[in-house]
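Q: Given next are the chains, with one letter for each unit.
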Amino acid sequence: LAKTTQPISMDSYEGQEVNITCSHNNIATNDYITWYQQFPSQGPRFIIQGYKTKVTNEVASLFIPADRKSSTLSLPRVSLSDTAVYYCLVFTGTASKLTFGTGTRLQVTL
Amino acid sequence: NAGVTQTPKFQVLKTGQSMTLQCAQDMNHNSMYWYRQDPGMGLRLIYYSASEGTTDKGEVPNGYNVSRLNKREFSLRLESAAPSQTSVYFCASSPPWGAAETQYFGPGTRLLVL
Numbered sequence: 008l009a010k011t012t013q014p015i016s017m018d019s020y021e022g023q024e025v026n027i028t029c030s031h032n033n034i035a036t037n038d039y040i041t042w043y044q045q046f047p048s049q050g051p052r053f054i055i056q057g058y059k060t061k062v063t064n065e066v067a068s069l070f071i072p073a074d075r076k077s078s079t080l081s082l083p084r085v086s087l088s089d090t091a092v093y094y095c096l097v098f099t100g101t102a103s104k105l106t107f108g109t110g111t112r113l114q115v116t117l
Numbered sequence: 002n003a004g005v006t007q008t009p010k011f012q013v014l015k016t017g018q019s020m021t022l023q024c025a026q027d028m029n030h031n032s033m034y035w036y037r038q039d040p041g042m043g044l045r046l047i048y049y050s051a052s053e054g055t056t057d058k059g060e061v062p063n064g065y066n067v068s069r070l071n072k073r074e075f076s077l078r079l080e081s082a083a084p085s086q087t088s089v090y091f092c093a094s095s096p097p098w099g100a101a102e103t104q105y106f107g108p109g110t111r112l113l114v115l
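Chains as they are written, first to last, in my numbering: chain P, 8 to 117; chain F, 2 to 115.
If you are wondering where the hints come from, they were derived from the structure by calculation, not from laboratory data.
Since we're looking at a predicted model, the values are computed, not measured.
Fair warning: there could be bad hints in the mix.
[Said to hold, decoys possible] Cβ-Cβ distance ranges computed for the label pairs, FRET-style: (1) P:Phe46 to F:Lys58: 25 to 31 Å; (2) P:Glu65 to F:Asn29: 21 to 27 Å; (3) F:Asn2 to P:Glu65: 17 to 23 Å.
Yeah, the Cβ is synthetic: ideal placement off N, Cα and C, and Gly gets one too.
Working from the sequences, and respecting the hints, build out all of it.
A: Following this line, the structure appears as structure tokens:
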């Protein structure tokens, strides 16, 4: 079971780029890395997913090094509305092993 | 499309009472899930259903039962509520099996057991 480790919290000012790194040392060959975002009083929302190298969408970028033992979620020019909890997940084949962990609480201020 | 809907939004129960949380999705997804989230914690999987007619236990199934009524609906039942079941419950669904990491969540049901 691939366990993930990410910082408990991060602070940023509006307009800055934020990078959240997740460690997953025992990731399996077939595992994908997925990030979710959760606003207060809402369910998590899928942000981005990748297997290797770099993935970019309209919300974020995901950087995955060649050894895949870590990944970095990059949020360009954050705004106050990006204040949320961000979860890194490594999918290990069956839903029974899908573990969200406690995530990284990002606080964006002016 | 409404996506994933949950009812009720809020519920207060007394210890020992029973209730059913309802979940429905209109995205034609095969898989559906029930999670609980305690204050300051991540989500923990209670039960999931890979397809209509099948259900499997997740990380914390004790005290809960589920029914996959049809492809759209997946209900969670608390037979005898306990204060330890005070939590926010989220239902989710995902596209055909093999893409369980891409899940779509409902707005949640906040449950308080006194």
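Q: Hints first: check each against the structure and report whether it holds.
A: Here's how the hints hold up against the structure:
1. Separated by about 29 Å at the C-beta atoms, P:Phe46 and F:Lys58 satisfy the suggested range of 25 to 31 Å.
2. One distance hint, 21 to 27 Å for the beta-carbon pair P:Glu65 and F:Asn29, holds here, with the actual separation near 25 Å.
3. With their beta carbons about 20 Å apart, F:Asn2 and P:Glu65 fall inside the hinted range of 17 to 23 Å.
Every hint from the earlier list agrees with this structure, and none is contradicted.
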